[in-house]
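Novice: Residue numbers (numbering that gives the first Met the number 0), protein chains in the order written: chain A, 0 to 287; chain B, 0 to 333.
These are computed hints drawn from the structure, not numbers from a lab.
These numbers come from a predicted model, not from an experiment.
Even glycine gets a Cβ: it sits at the ideal position worked out from N, Cα and C.
One or more of the hints may lead you astray.
Said to hold, decoys possible - No more than 20 angstroms apart at the CA atoms, straight line, and that leaves these computed lysine to any residue pairs for SDA-like: (1) LYS93/B <-> LYS110/B; (2) LYS202/B <-> ALA152/B; (3) LYS73/B <-> LEU196/A; (4) LYS265/B <-> GLY209/B; (5) LYS93/B <-> PRO205/A; (6) LYS223/B <-> ALA327/B; (7) LYS129/B <-> LEU196/A; (8) LYS93/B <-> GLY208/A.
As the list claims (entries may be wrong) - Every beta carbon over 10 angstroms from chain A, so not counted as near; a handful from chain B, in silico: (9) GLY38; (10) SER82; (11) GLY136; (12) ASP192; (13) HIS249; (14) GLU306.
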Amino acid sequence: MATKASRSAARLMMAPAVILLLGWMLVPLTMTVWFSFRTYLPLRGGDQGWTGFDNYVRFVTSSSFWPAVTTTLIILGSVLVITIVLGVLLAILLDQPMWGQGVVRILVIAPFFVMPTVSALVWKNIFMDPTNGLFSHLWRLFGAEPVSWLSDAAIPSIVMIVSWQWLPFATLILLTAIQSLDSEQLEAAEMDGASPLSRFAYITLPHLGRAITIVVLIQTIFLLAIFAEIFVTTGGAFGTRTLSYLIFQRVLESQNIGLGSAGGVYAIILANIVALFLMRIVGKNLDN
Amino acid sequence: MGQISLNQVTKSFGDVQVIPPLDLDINEGEFVVFVGPSGCGKSTLLRLIAGLEDTTSGNIAIDDKDATALPPAKRGLAMVFQSYALYPHMSVRKNIAFPMKMAGIDEASQKAKIEAAASALNLTDYLDRKPGQLSGGQRQRVAIGRAIVREPAAFLFDEPLSNLDAALRVGMRLEIMELHEKLKTTMIYVTHDQVEAMTMADKIVVLQAGVIEQVGSPLELYHKPRNRFVAGFIGSPKMNLIDGPEAQKHGAATIGVRPEHLSVSKTEGLWEGTVGVAEHLGSDTFIHVHNTGLVDMMTVRITGDIEVRHGDKIYLTPDSTQIHKFDAQGLRQE
């Protein structure tokens, strides 16, 4: 990239990708902002002109707004904690030399390749079904009353499903980080008299700091937008309505595009606040 | 404290035996260097002593107590690794404090020991830096500091200087030797560099393929190498080993003459050859002599300078009192 000619050639060749990505982002964003200021009811008179900030006020003052925000954050937080704690443990386990390591690693990664809709259906019908699910059989085996997971413990169920999907991702990233740990450091700590637990706390965990940061950031982006898992299992009932699900309901079930768009803008703001928070807390891990 | 003895120790990785049965005694306060070509098992031997590898059979005793099954931390040994193995997220102070923290020593005495180690190693100004902000030599000193504060029965060094540049290596070599003079603690030092071995050791252990070829003081090894391998390995430049009729004249299968025990003349001498490369170091000159009819290339070391050109004819005469003789098995014969 040294000469002027090669620089402009590079720009020219990157242009299609840049323009496409920009359009991909800017067009929907602009349209969302545009609709959020209009009364737009497709089945009840269509676009009825400007309303100012009415949609924004209505969306926030609706009784389902704050519960939706809380649900979103609860699901986000629980899945992050579960995937990182279990991810670290699994990564350490998979790092041990053992028979059939390759097969086990592929099996661990497998859930990540299952589409969210499919995995949610599998969980709903095969595991969590109150009459025929494997869990209900297990419960009956011990003489207990089967739990109707998706109605009695809806949020934990969703957290369980989503964690199952994202655990492989966390494990994979953390495993590669663990493999890059200099074994002499662990040996030095062993000679220094550190027990396995303190070796983990003082050497392994700090080494994983950066990888954990990356897992948290990437998962947050995707977890704020989980949709299929809720749509397929509870349909937003039993307190599982997240912000993105609420927006979906406003747009498609209430057929109010203006109100839904205002919600979309709130979701963007919320995502940015969360991202800013995370960057502040863990961002310094990414330095040096 | 600091006496280590190995009794019939072996080590196998799978079916491969890297260390056949081996006996070795290391006395208290000794500076012992394990030296050998790479892959000779010297690092494995050190790790066996440290407890980082389990012995396949045999016993290791430290201070007359059987330590074969003891975990590394319980053996009272401190190790300095080739990569330094500093903890990158901890400051120098915390690195040095780590073994004491693990041992549960109280803060006040920790602090005193850190200060003492830091001033002994010129690290006082760097105590609050992270290892990433230090130069190679400073990192090395931190690693040594971390070892010192444990007050171990013996220090184990695993090629500690091989990541440093040549000038720094000489400096650190002296520092480690001075440290040994001051602490009088047993030190075991692994290196592939025979100059380090010769200059630092009280006792050198020459290893090849896991077998101890010879144990002795540096000068013993230099003057009386027990076999061809030691003769060729100890000394720089390498000893010239000559087989064939010339050796038979001395009643041996092989004779060895060190480069410094050959005298050079342009007019007369025992062996005739042509000059190849001449390496002028100022104080010494190494001349590579070809076409002697004895070996491919003979190295001669002469003090000072000599005016020779590539292709010049040259005559060499060995000092007859300094010829080493080896039999057909490669063992020394007197």
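Novice: Against this structure, judge whether each hint is valid.
Specialist: To see whether the hints hold, each was checked on the structure:
With a C-alpha separation of about 10 angstroms, the suggested pair LYS93/B and LYS110/B falls inside the 20 angstroms cut-off, and the hint holds. A threshold of 20 angstroms between alpha carbons decides the hint, and for LYS202/B with ALA152/B the separation of about 18 angstroms falls inside it, so the pair holds. In summary, the hint linking LYS73/B to LEU196/A is supported, as the alpha carbons are separated by about 17 angstroms, within the 20 angstroms threshold. Among the hinted pairs, LYS265/B with GLY209/B is inconsistent with the structure: their alpha-carbon atoms are about 45 angstroms apart, more than 20 angstroms.
Pair hint LYS93/B plus PRO205/A holds up; C-alpha atoms about 14 angstroms apart against a cutoff of 20 angstroms. Between LYS223/B and ALA327/B the CA atoms are separated by roughly 17 angstroms; this keeps the pair inside 20 angstroms, and the hint holds. At roughly 24 angstroms between alpha-carbon atoms, LYS129/B and LEU196/A are farther apart than 20 angstroms, so this suggested pair is violated. Simply put, LYS93/B and GLY208/A have alpha-carbon atoms about 18 angstroms apart, close enough for the 20 angstroms limit, and the pair holds.
The claim that GLY38/B is not at the interface with chain A holds, since no C-beta of that chain comes within 10 angstroms of its own (minimum 18 angstroms). In this structure SER82/B is not separated from chain A by more than 10 angstroms, as the shortest Cβ-Cβ distance comes to only about 5 angstroms. For GLY136/B, the condition that its CB be more than 10 angstroms from all CB atoms of chain A holds, with the nearest at approximately 18 angstroms. With 10 angstroms as the threshold on Cβ separation, the claim that ASP192/B sits away from chain A holds: the shortest Cβ distance comes to roughly 20 angstroms.
Consistency note on HIS249/B: stated as away from chain A, and its beta-carbon is indeed over 10 angstroms from all of that chain's, at 49 angstroms minimum. No beta-carbon of chain A comes within 10 angstroms of the beta-carbon of GLU306/B; the shortest separation is about 50 angstroms.
Taken one by one, the earlier hints fail for this structure at numbers 4, 7 and 10, listed in ascending order.
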